[in-house]
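Asks: Full structure from sequences and hints, please.
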Amino acid sequence: MSPVKAEDLVPFPVKEQFGGLDYCITSPPPWLTTVFVGFQHYLVMLGTTVLIATIIVPLMGGGHEEKAIVIQTILFLAGINTLLQVHFGTRLPAVMGGSYTYIYPAVAIILSPRYALFIDPLERFVYTMRSLQGALIIAGVFQAVIGFFGIWRVFIRFLSPLAAVPFVTLSGLGLFYFAFPGVAKCIEVGLPALVLLVLFAEYAAHFFAKGSFVFGRCAVLVTVVIVWIYAEILTAAGAFNERGPVTQFSCRTDRSGIIQGSPWVRFPYPFQWGYPIFCFQDCFAMMAASFASMIESTGTLIAVSRYAGATFCPPSVFSRGIGWEGISIILDGLCGTLTGTAASVENAGLLALTRVGSRRVIKIAALFMIFFSLFGKFGALLASIPLPLFSALYCVLFAYSAGAGLCLLQYCNLNTLRTKFILSISLFLGLSIPQYFLVYEMFFGFGPVHTHSVAFNVMVNVIFSSPATVAVIIAYLLDCTHLYWEANVRRDRGWHWWEKFKSYRYDARSEEFYALPYGLSKYFPSF
Numbered sequence: 004m005s006p007v008k009a010e011d012l013v014p015f016p017v018k019e020q021f022g023g024l025d026y027c028i029t030s031p032p033p034w035l036t037t038v039f040v041g042f043q044h045y046l047v048m049l050g051t052t053v054l055i056a057t058i059i060v061p062l063m064g065g066g067h068e069e070k071a072i073v074i075q076t077i078l079f080l081a082g083i084n085t086l087l088q089v090h091f092g093t094r095l096p097a098v099m100g101g102s103y104t105y106i107y108p109a110v111a112i113i114l115s116p117r118y119a120l121f122i123d124p125l126e127r128f129v130y131t132m133r134s135l136q137g138a139l140i141i142a143g144v145f146q147a148v149i150g151f152f153g154i155w156r157v158f159i160r161f162l163s164p165l166a167a168v169p170f171v172t173l174s175g176l177g178l179f180y181f182a183f184p185g186v187a188k189c190i191e192v193g194l195p196a197l198v199l200l201v202l203f204a205e206y207a208a209h210f211f212a213k214g215s216f217v218f219g220r221c222a223v224l225v226t227v228v229i230v231w232i233y234a235e236i237l238t239a240a241g242a243f244n245e246r247g248p249v250t251q252f253s254c255r256t257d258r259s260g261i262i263q264g265s266p267w268v269r270f271p272y273p274f275q276w277g278y279p280i281f282c283f284q285d286c287f288a289m290m291a292a293s294f295a296s297m298i299e300s301t302g303t304l305i306a307v308s309r310y311a312g313a314t315f316c317p318p319s320v321f322s323r324g325i326g327w328e329g330i331s332i333i334l335d336g337l338c339g340t341l342t343g344t345a346a347s348v349e350n351a352g353l354l355a356l357t358r359v360g361s362r363r364v365i366k367i368a369a370l371f372m373i374f375f376s377l378f379g380k381f382g383a384l385l386a387s388i389p390l391p392l393f394s395a396l397y398c399v400l401f402a403y404s405a406g407a408g409l410c411l412l413q414y415c416n417l418n419t420l421r422t423k424f425i426l427s428i429s430l431f432l433g434l435s436i437p438q439y440f441l442v443y444e445m446f447f448g449f450g451p452v453h454t455h456s457v458a459f460n461v462m463v464n465v466i467f468s469s470p471a472t473v474a475v476i477i478a479y480l481l482d483c484t485h486l487y488w489e490a491n492v493r494r495d496r497g498w499h500w501w502e503k504f505k506s507y508r509y510d511a512r513s514e515e516f517y518a519l520p521y522g523l524s525k526y527f528p529s530f
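In the working numbering, the protein residues as written are 4 to 530.
Everything labelled a hint here was simulated from the structure, so no lab data went into it. Any given hint could be a false lead.
Stated by the list, open to error - No more than 20 Å apart at the CA atoms, straight line, and that leaves these computed lysine to aspartate or glutamate pairs for EDC-like: (1) Lys366 <-> Asp25; (2) Lys423 <-> Glu489; (3) Lys505 <-> Asp495; (4) Lys188 <-> Glu245; (5) Lys380 <-> Asp257; (6) Lys18 <-> Asp495; (7) Lys18 <-> Glu502; (8) Lys503 <-> Glu515; (9) Lys188 <-> Glu205; (10) Lys525 <-> Asp510; (11) Lys423 <-> Asp495; (12) Lys525 <-> Glu515; (13) Lys380 <-> Glu68; (14) Lys18 <-> Asp510; (15) Lys188 <-> Glu235; (16) Lys18 <-> Glu515; (17) Lys8 <-> Glu19; (18) Lys505 <-> Glu19; (19) Lys503 <-> Asp25; (20) Lys366 <-> Glu515; (21) Lys380 <-> Glu235; (22) Lys188 <-> Asp257; (23) Lys525 <-> Glu514.
As the list claims (entries may be wrong) - Ranges between beta-carbon positions, derived for each pair: (24) Thr484 <-> Thr454: 26 to 36 Å; (25) Asp25 <-> Ala518: 21 to 31 Å; (26) Phe216 <-> Lys380: 24 to 34 Å; (27) His453 <-> Phe210: 47 to 57 Å; (28) Phe374 <-> Gln263: 17 to 27 Å; (29) Ser215 <-> Thr454: 36 to 46 Å; (30) Leu224 <-> Ser427: 35 to 45 Å; (31) Gly22 <-> Arg493: 21 to 31 Å; (32) Met445 <-> Glu235: 28 to 38 Å; (33) Tyr509 <-> Phe151: 20 to 30 Å; (34) Gln275 <-> Phe374: 32 to 42 Å; (35) His453 <-> Phe151: 29 to 39 Å; (36) Pro124 <-> Ile154: 33 to 43 Å; (37) Gly22 <-> Phe151: 41 to 51 Å.
Here the structure is a predicted model, which is why all the values come from computation and not from measurement. Every residue gets a Cβ at the ideal spot worked out from N, C-alpha and C, and that includes glycine.
Replies: Below, the structure is given as C-alpha cells:
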C-alpha cells in the first residue's frame, strides 16, 4: 500500500459555482442538443401535469374530454409562465409547471358540501372549476405582493447556507411519495424504466459509450421510448387483462382516455369555463398553498442556480422571480388550471442529469409545451405514457434536486454541535411532521387540525404537510436565534460565503447571470 501524500489530505475546495456542467446558464449548446434536451424537459414535466389532472378532474365530475382540456391548459400556461420567468423573473433556467402543493386545498374545495347539490357531473365540474379559479387569482395576488413589494427579499437576505440546506434538500426529497410508490403501482413498467435510466445515464454515458450523445444527453428520451414500446407490447399481448382495475389503469397504455377526449386544435383562453367565483374560505386555503409553494419554489430555484453554473441568486432577484410567479398563478386562475405554478423540481434534476444548464434549452422546452398544448392530439399521444414510467424518472430526478441542497454543506462547519443540531432536527422534523399529517388523514379522513373553521383547518394542514415548509420554518428560526451572538457562529453557518451576493451590486457575476434583457434593468433596477 503506497503512503498517503500530504496533498491528498487537503479538503476539497469550496466552489461558489458548480463546475460539473458542459453548458452553463449563459452558454447555449449546439441546436441539435438544445432541441433534444428541451424536448426531454417537456417530457419530464408532462408527468406531473397528467398526474395532477388525473387526481383532481374525476373528483370534480369531469370526464375524458374535460381532463384533456385541463391538461392542454396547464401545458399552455406552463409554457407561457416559463418564458416569463426566464425572461423577466429570476432568469434562471427553471421550468414553471403545476405544483403538487395545491392538490390538498383543491380537493378540500371540491369536496365542500355546497357542491353536493349539483346532480349533473358537468355542471358540478364547471362550477367547481370557477371556484378554484377565483381562489387561484387571490392566491396569485398574494404572492405577487410578497414578491414585488420586496417582502421576500427580506427573507432571502437573512438566509444562510446552513438554513438553506434542509429546505432545498426537502424540496426534492419531500416528494418521495410521488416517486417509488408510483413505480410500485405497475412494477412491470416502472422498475425497468428506473433500471434503464440509471444504466444509461450513470454507466453507459461514462464507461461503455463515453461522450455519447444518445446516453449522455438523451438518457431520459431513450428510456421513455424503450419502456413505452415495451408497455405497448405487454398491453397488446394481454398481460394485464386479468389484473385489477387499479393495476390496469396504471399499466395499460390505452386506459388514459386523453387521446379520445382531445381536440385536434384548441387555443386555451381566459374564462373558458366561465367567470371566477370568489369564496373567502377557498381563497384563504389557496393562499396557504401559495405560501408553501413559494417556499418550495425558492428551494428549487436555489437548486437550479446551482445546476445552471450560476452564483447564488441575489435577494432582489429572488423577490422579482416570486412576484412573476404570482403573476403566473393569476394567469392560471384566469384560464383554469386546477393548481398554481411553481418551479419544477424534476426539471431541476434534469439539468444535472444532462449536464446542460443553458437558459436557451428551457426556452425551447417552453415552446414545446405551447405547441403540444395547441395541437391536442399530438400532445395527448405523449400524455398517454403510463404514469409509473414518469415515477421511475422522478426517482432519479428528485434525488438529483435534493443533492443540490446537500452540496451547500461545503460552506458550513460540520464539526460544531450547533450545525449538527440545526441540520438534524430540521431534516428529521421536516419529514416526520408532514408524514404524521399524511397518515392521520389517511386513517381519519381529515387532518389533525379539525376545528369548526374549514378554511383554518386547510391552511394549517397544507402548511404542515409540506416537508420543505416545515424544514425552513425550523431551520430559519433556529439559525437566526440559537447562539446567534457568538463570534464564530457567523463563519460556522457559512454566512460569509453568500454575503457578497446579498446585494446585486457587490459581485459582477450577478449582472452577467441575472440582468434583465432588452435594457430593462435601467427602468427596473435590482438592489
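Asks: Now, for every hint given, state plainly whether the structure supports it.
Replies: The hints, checked one at a time:
no., hint, verdict
1, Lys366 <-> Asp25, "18 Å, holds"
2, Lys423 <-> Glu489, "17 Å, holds"
3, Lys505 <-> Asp495, "18 Å, holds"
4, Lys188 <-> Glu245, "15 Å, holds"
5, Lys380 <-> Asp257, "14 Å, holds"
6, Lys18 <-> Asp495, "17 Å, holds"
7, Lys18 <-> Glu502, "15 Å, holds"
8, Lys503 <-> Glu515, "15 Å, holds"
9, Lys188 <-> Glu205, "25 Å, violated"
10, Lys525 <-> Asp510, "18 Å, holds"
11, Lys423 <-> Asp495, "11 Å, holds"
12, Lys525 <-> Glu515, "15 Å, holds"
13, Lys380 <-> Glu68, "12 Å, holds"
14, Lys18 <-> Asp510, "15 Å, holds"
15, Lys188 <-> Glu235, "17 Å, holds"
16, Lys18 <-> Glu515, "18 Å, holds"
17, Lys8 <-> Glu19, "27 Å, violated"
18, Lys505 <-> Glu19, "14 Å, holds"
19, Lys503 <-> Asp25, "26 Å, violated"
20, Lys366 <-> Glu515, "18 Å, holds"
21, Lys380 <-> Glu235, "18 Å, holds"
22, Lys188 <-> Asp257, "16 Å, holds"
23, Lys525 <-> Glu514, "12 Å, holds"
24, Thr484 <-> Thr454: 26 to 36 Å, "29 Å, holds"
25, Asp25 <-> Ala518: 21 to 31 Å, "24 Å, holds"
26, Phe216 <-> Lys380: 24 to 34 Å, "30 Å, holds"
27, His453 <-> Phe210: 47 to 57 Å, "55 Å, holds"
28, Phe374 <-> Gln263: 17 to 27 Å, "21 Å, holds"
29, Ser215 <-> Thr454: 36 to 46 Å, "58 Å, violated"
30, Leu224 <-> Ser427: 35 to 45 Å, "39 Å, holds"
31, Gly22 <-> Arg493: 21 to 31 Å, "27 Å, holds"
32, Met445 <-> Glu235: 28 to 38 Å, "34 Å, holds"
33, Tyr509 <-> Phe151: 20 to 30 Å, "23 Å, holds"
34, Gln275 <-> Phe374: 32 to 42 Å, "19 Å, violated"
35, His453 <-> Phe151: 29 to 39 Å, "36 Å, holds"
36, Pro124 <-> Ile154: 33 to 43 Å, "41 Å, holds"
37, Gly22 <-> Phe151: 41 to 51 Å, "34 Å, violated"
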